[in-house]
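A.B. asks: Listed here are the chains, written in short residue letters.
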Amino acid sequence: MDKEVLENMLKEYKESGLSADEFVLKVLKDKGSENPEEDIEKLNRIFKEIDKSYLEIKECKENGVSRENYLKKVIDRVTSGLNPKNIGKVLSDMIFSFRNVPHKNEETAIPYNDDTDVDYVMELSDAIKEEVITGISTEEE
Amino acid sequence: MDNVDSFKMFNSDEERIEIKKLLSSYLYNEDTNIESAAMLSDKAVFEAETACDVETGKCTEQDAVENLIDRQTARVSVWFSENGKEIVERAFEAAGIGVGILLSRWVGPNAILISRKIGQVLGRTVSKTAEILIDKGIRKIGQFGKKLWNWTKEKVARPLYEKMKKTCNFS
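Protein chains in written order, with our numbering: chain A, 1 to 141; chain B, 1 to 171.
There may be inaccurate statements among the hints.
Computed list of lysine-lysine pairs in DSS-like fashion (alpha-carbon distance at most 30 Å, straight line) [to be verified]:
#, chain 1, residue 1, chain 2, residue 2
1, A, Lys42, B, Lys117
2, A, Lys11, B, Lys146
3, B, Lys147, A, Lys48
4, B, Lys146, A, Lys42
5, A, Lys58, B, Lys146
Partner residues are not named here, just some residues of chain A that face chain B (Cβ under 8 Å, in silico) [unchecked claim]:
#, residue
6, Lys42
7, Ser97
8, Ile110
9, Val132
So these bits of chain B aren't anywhere near chain A, every CB distance computed over 10 Å [unchecked claim]:
#, residue
10, Asn11
11, Arg116
12, Ser127
Rather than coming from a laboratory, the hints here were simulated on the basis of the structure. Since the structure is predicted, the reported quantities are computational estimates derived from the model, not experimental observations. Glycine included, each C-beta is placed from N, C-alpha and C at the ideal position.
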């Protein structure tokens, strides 16, 4: 990532007189986005949803409900009715990604079901925590 | 340096979103789709603001770490809500791209360094005060993070983890 290029881009935006959306549209078009208007809508939606999810997590914790519980509700809602073996594979893959370790054979991942769901969610939550803590402890080279 | 007690990185929520969109357009490329760019932008901006909050005394290092973990959990929740069904149905590929690759754009060592650099640029762009606050705040959080990391490695975490598993109230 080039800090100077980003700094120049932000400077160009300030001097352009364009709105943020107009400028972003131009940048995305220049970069070959097939549907830059849709991409901007997606950005608006994602940022709004992250804010909402964050507040929901905070509210849960204020009410004595753990972050893990929240995560489990999301996973259960999204994967309801889907193949438990595939769910297990995907969650394992996510856990390895957050831990930045080579992925072991996904075929050996155990299915996600009533006996394993808590362990999966705890592992994923731990992996997220470890990734964040590793990140804040990392010094720039 | 400006009065840090009343320091705010952004004047409004709208301004924050505008910056995130600009950053996302910068990050967007053939390897980083718009969604990954959004996740990374949100990470960079949130970390920069959190660093400022620590340095101005608005929150402790411990609360900052907790907030960073909550925010990453929120991003994971949104990402999984958007992609989880398709990825599971196709057994971990969405549009032919593996989960690991999709996540690597905003998770892991590379994303961490990009986020840090964006934070530095943001600071420089906003003001000298912001630049200093972010730098100092990141260092403070980093020092706290190192203590946590050592604590985690020393197996103190394992008994705590086992206790957490038993006491987490899954409804």
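A.B. asks: Checked against the structure, which of the hints given earlier come out wrong?
C.D. replies: Hints 2, 3, 4, 8, 11 contradicted; others consistent.
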